[in-house]
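Please construct the entire structure, taking both the sequences and the accompanying hints into account.
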Amino acid sequence: MLYVVFYFQVHQPYRLRHLNVLDIGKGVDYFDEHLNSQIMRKVTEKCYLPTNKLLLDLIHRYEGQFKVAFSLTGTAIEQMKAYSPEALDSFKELVDTGYVELLGETYYHSLAFLFDTNEFLDQVAMHRDLMKSEFGYYPETFRNTELIYQDSLSDLIYEIEGFHTILTEGVDRILQWRSPLYTYKNYAKTINLLLKYYQLADDIAFRFSDRDWPEYPLTVDKFVNWIDRLTLSEKEGRNLFLNLFMDYETFGEHQWAETGIFDFMQHFPEEILKRPHLGFANPKEAYKLANYQQEALSFPEPVSWADVERDLSAWLSNDMQRNAIETLYNLINLIRQKGDEKLLEIARKLSTSDHFYYMCTKYFQDGDVHKYFSPYDSPDQAYIYYMNALADLEERLQ
Amino acid sequence: MKVLMFTWEFPPLIAGGLGMACYGMVRALLGLGIKVDLVLPTKELVYFPLREPDDVDKLPAVFLDPKKHTEYISHKFLNIEERLDYIGVTVHPETYLQLGEVQKFVKAIKKEYQRESITQEEREIWEELTAHLMGDEDIFKKVQEYTIRAERFARELDFDLIHAHDWLTYPAGMLARSISGKPLVVHIHATEYDRAGGPGNPRVHRIERAGMMFADKVIAVSQYTAQMVMSHYRIDTAKISIVHNAFSVSDEYHRTKKRIFKGPTILFLGRITLQKGPDYFLEMASKVHKVHPEAHFIMAGTGDMARELLYKSAAKKLGNKFLFTGFLNRQQVEDILRASDIFVLPSVSEPFGISPLEAMAFGVTAIISKQSGVAEVVNHAFKIDYWDVDLMAETVNHLIENPDLCRKIGLEGMEEVNKIHWNDSAEKIRQIYSSTLSEYLKSNP
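If you're matching them up, the sequences are chains S and Z in order. Under this note's numbering, residues 6 to 403 are what the first sequence spells out, in order. Under this note's numbering, residues 64 to 508 are what the second sequence spells out, in order.
Do not rely on the hints blindly, as some may be mistaken.
[To be verified] No more than 27 Å apart at the CA atoms, straight line, and that leaves these computed lysine-lysine pairs for DSSO-like:
| # | chain 1 | residue 1 | chain 2 | residue 2 |
| --- | --- | --- | --- | --- |
| 1 | S | K354 | Z | K380 |
| 2 | S | K31 | Z | K505 |
| 3 | Z | K505 | Z | K302 |
Hints listed in this document are in silico derivations from the structure and should not be mistaken for laboratory results. None of these values were measured; they are calculated from a predicted model.
Shown next as structure tokens:
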């Protein structure tokens, strides 16, 4: 069997206001409530509500056979509560079907794993509590921010009660000749790994509406045939997992409804389930379905799902990003020592990885995805506003 | 006495220090009873007959074309901004030449981007676009246009003497002198040598030299500038007079401290451009930061080196202690001065430099480049070679470690600059006018 494993990332950051030095010390709110609510409302209408409804229908229609997983960040859920409670309700309705898995991650979608282990563990625990209080759900699968992973992460996650699987990117330089369709073990053989099959996942997430792509338009028929062909190369009746991981906003937001993305998704399960050797599974089920000895994979250096480099360069490749993030974690450390919960909450909102993504200068000139996702005119401005916020936060701490 | 004055900047038409200097100077000259017909790079062919000190704010205008003037007089304006808009005084002095087209275009865009529904980001993108559209790439064309207009002013107005500020208006002054036969005073606020940190644009250099050669009298804003004029332009020293600038700020009540940061705050205020030495400021900051990580450094202003400085400051890992303000309006400048303890002017070459005087008027302790004119007029300030970053850093450290001393020097500096008035500068200029006129009348009976 080959199981299609869907996992969708649901995340919204708290975008910053255009903070000036003269705003410092005046008790100004750092976050642009107007913009944040506007974006949450827009994404709710274009993506969350219609896609949730579509998935709910599919789950009901193929009872038990079609399933998906979500990772919902704390900052997204907070903003849903504040600006579109109906979006949160519709996610709850999905989870209540019993066929939706919720993943664990950092509450603030942060890079804490790379900078502050205690803070990382706290944010993971916060997220776990949130899943419990909002959905009555206990996540068994972990995905770190932007699928960032390296060996040491698996050691930390293994120590946390309840997690047995981690998702990450199927990076070529790690896999080499191996296939991302198998489930693997981490380097210490203590935890299971599922690797994103980025070629096919990105066909949906990035290339679906690209008219310059030779395969345009992507039909369900064509896509399922590609999937079917994958099973030919795998032998001996071993269960395979096609991990299609992507941002949930792919549906209706990055790929507009007009592109036909909803029709695609509507007919996809039917076409998969027509074929007896294809099916769906959730990440937490994979290791039980693995009918073979799982090979151990070592990731000595961090990987991620971002940009062609699939490393940390989207957040940590220039001096602005490094100075900003190091300053933040120094400050978080000071705030934790002081035990000021109110300031810690603000600092944690500033730990969301998007803030550093906006400061990325790698491709900014070419108007690529960084620019698409950035609420600011330039990485320089993103940095200036962010550092003003950190300067104000430090003043408040004193 | 009546003066025909050419200048490129005058509030609200301001790009750098020139506008504020002209404002203070003209106001004081009017107070001495000197009448000034001011010519600015306006869209419409107008001049501003200034008679009373208050006229510098009211800016009464006369159209050379009587029909247009009648129209203008009968026009009802709600406020001064609307009236200046009619005349075509823009806040971007370098833009006057694009005349109608750009004005119309900008207006059309403004209508677009001032809609309610538009986001802040979109608005800023539009504003940046319009700013770029109104660039200064054809500055020489604008100078040509301004110069051609000088002919009519020279023929149709009645005046005793011509006064031109900086190279952009020297050709106009020269033309007016030839046509009217009246003496010309050129005023040097900055030379190309200062702006470029070296020889600079040879066209500008030659225009500057031509203006100084042709003038009856040359006023330099400092001994430092006079020296520059003698060595780089080979101008007859007998022709050169020195008149230091003064400054104008809010009354003392509005100058009391209003901190942003609890820790020491060190300020750079000016265009972020080579001439002003922002890189030396960063170097100093980076040294001080190692000793005093609690100190904040604010780089206030904009300029062609802003991005470079931003990246460099991040690379130096100064955390959240080196901050950028972007462009500040007059009120914001005063707010930032109220929040600062130490002001550093590391200019590579500063003909005068009004901003340290303003800072000192706010009780901020000043460290000023020895390569500046302002160093000649104040004693209660530290004077350091712009390249001596070590000494600059040591001085800042010393002031941080001795806050009482820092405050004391700040207050002494405040007292000192409170005695500097535009009236004294204006009086010197009046004397220069008189002697120029009498010499001129002697040689042209």
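Going down the list of hints, with the structure as the test:
1. K354(S) - K380(Z): 22 Å, holds
2. K31(S) - K505(Z): Violated, at about 65 Å.
3. K505(Z) - K302(Z): Distance ~16 Å between K505(Z) and K302(Z) Cα, so the pair holds.
Hint compliance for this structure: hint 2 alone is broken.
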